[in-house]
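Heads up: the sequence lines are chains E and V, in that order.
Quick note: the first sequence, position 183, residue 183 per my numbering, numbers continuous.
Quick note: the second sequence, position 306, residue 306 per my numbering, numbers continuous.
Hints should not be assumed to be uniformly reliable.
[What the hints assert, rightly or not] The calculated lysine-lysine pairs, modelled on DSBU-like cross-linking and capped at a C-alpha distance of 35 Å, are:
| hint | chain 1 | residue 1 | chain 2 | residue 2 |
| --- | --- | --- | --- | --- |
| 1 | V | K237 | V | K130 |
| 2 | E | K24 | E | K292 |
| 3 | V | K193 | V | K295 |
| 4 | V | K237 | E | K187 |
| 5 | V | K233 | E | K187 |
| 6 | E | K292 | V | K247 |
| 7 | V | K193 | E | K24 |
| 8 | V | K233 | V | K247 |
| 9 | V | K193 | E | K292 |
| 10 | V | K233 | V | K130 |
| 11 | V | K237 | E | K292 |
| 12 | V | K130 | E | K24 |
| 13 | V | K295 | E | K292 |
| 14 | V | K252 | V | K130 |
| 15 | V | K237 | V | K252 |
| 16 | V | K295 | V | K130 |
| 17 | V | K237 | V | K247 |
| 18 | E | K187 | E | K24 |
| 19 | V | K237 | E | K24 |
| 20 | E | K187 | E | K292 |
| 21 | V | K252 | E | K292 |
Simulated from the structure, these hints should not be mistaken for laboratory data.
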Amino acid sequence: MADIELYYQDRNPSPLQLVWFAFKRRLAPMISLWLLGALLVLVILAPVITPYSANVQFVDAVALPPSWTHDGNMQFLFGTDDLGRDMLSRLLIGGRFSFGLPIIMVILASTIGIFIGAMVGADTKSKLRVLGRTLDRLLTIPSFLLALVLIAILGAGLGNAIIAITLSLVPQFIYVTRNAVYQEWQKDYVTASRLNGCSNTYLMYRVILPNITPILVMQLTVALSVAIMDIAALSFLGLGVQSPTPEWGSMLARSLDEVYLSPWSMVLPGLSLFATIMAINVVGDSLRRAIKQRMDT
Amino acid sequence: MTRYLMTRLFYFFLALLVLSVVTFSLNWLFPGDPLTNMSGIRDGQAAYNATLESRAFDSTVIQQYVNYLAHITQFDWGLSLSTGNDVWQDAATYLVVSAELVLLSFALAVLIGLPLGMLAANYFRHNLDKFILTSAMTGYSIPVFWLAQLLILLFAVQIEWLPITGQINPLYAIDSITGSVIIDILLSDSQYKLAALQDALLHLVLPVLTLSSLPSMLLLRITRNQTIEVLQKPYVKAARARGLSQKRLLFKHALPNVLQDVLPQMTFIFGLMMANLVIVEHIFNWPGAGAWLLKAIIERDYPIIQMVLFTLMGLILVLNLLVEIYRGWRFPMTREERYGGY
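Kindly generate the complete structure, drawing on both the sequences and the hints.
And the structure:
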């Protein structure tokens, strides 16, 4: 008799789990989540599964249309670009820069931003109020402009673009975390825990953090879509990833001249960029809806 | 209201001051001689020593900053490193060119976003709502530069309705006086005024459409969510019980309360437009401030970079201030939330 419950157990799912239960019930975000997972696997495995090297040129197959068109060739599933490079390989390798790198950048930026934000938010009798209010105003400046400032200082290039975008994402994390921590701090349960004599560290990690995790996760998805958009935009403008390296934004920039002759060189990278951002936005949007549902009930 | 106004102005000027400190320190962060970065005058030029004095470079950093502030309040941003022209004089045209684009796009975004958002909220959970929401999500996720390319491919290359890039067909020979094409045409004494105007407007369609797509979709979603929330409030139920028509209910009773919460988002939307301006102007070969900034970044023309970035960011802050003042004046209860709390 294994399933006799000796003690009455009251299972309280964490706020993140509650949001997850609400999230799971809807179809579109789940499809998006699976899509993103598949993309992540593809991006990690990219060097193994690409049919050719991303920069090798096939002189006998320049600007070949995708294989499903009349002139296409099964050897090159998505066709080749104007220099005879295989589009499929370039798209897959490009995904590492367009999707893989932003994930790493967001993880870095969130670690820094959440840490600072939590410290500022916990500081209730703050003398930094004036500074905070001023920064609130400066935060309406979009991250892309901040990234441009940093690029202007550092100069163009992949490494500099990574630093610029990571740093430009940090303020948003500080802002969101600070507001969330500040709001929770006013609530009764936090006061109760403080009366119980919890230390500030315990209060932050065990009492407040679980309750603001859903908001932070939502901010992660927002930041991820912003980071993907920003790095693609910088590369498109020629300030990020430099030419031979395949990246969806720089592939689009290259296709500007040849789009009239080989439209697939513009449609394919753009479509992958669009699908990725769309999937992230759908996930983020339904997370927001799930959080709101939980707040209302 | 006076107190509200004073605090808003105080924080606005403080934010501007922080911004100027940032642009001031950029001079040291940029590679090269800070004085050259600041004034655009290279070591060895005749004016170098005079500039050294007027910028107080023989004195402390604080004094240098004060002199820097004095210079930029007189719109003296130095000389361009690549052309040697006075930056602010060049900037005036570029800024007007961009202002035309931005204002038209902003107006279009509001005209699309607000009504469609209200419409979607009115049909909450109907198929129409779902359709509008899905298309908003799609429009919101399309990268601006890809959308621009798609629109060019469709409207300019495939069906040839619209020109690909540029402001106006150069054959019309309109002299650039203010920078804004429409005003220039109206001012000019060309005998083909109407044809030129039509050509300029056709050139405007694609950039405006591209630039307004993201803000309008964002505004649509915000308006929809806010309207749904407002429509569930008791006072709306009471108004409905009194027998008010749905139209009257939406526009007379719900809309003001929706606007109250949508307005603060305007700054954010405007900021996004400023960022996208660089991309859109680059693609459509639009001779505005965004394209100028990009060119300056590539050419490392530091006085121009400073000036354009400060202006773009400053404009966002100005709009923020205006929105806050209007909101405080039109909806007095929002002033309260500023006094209380932190």
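Are there hints from earlier that the structure breaks, and if so, what are their numbers?
-> 7, 9, 13 and 16
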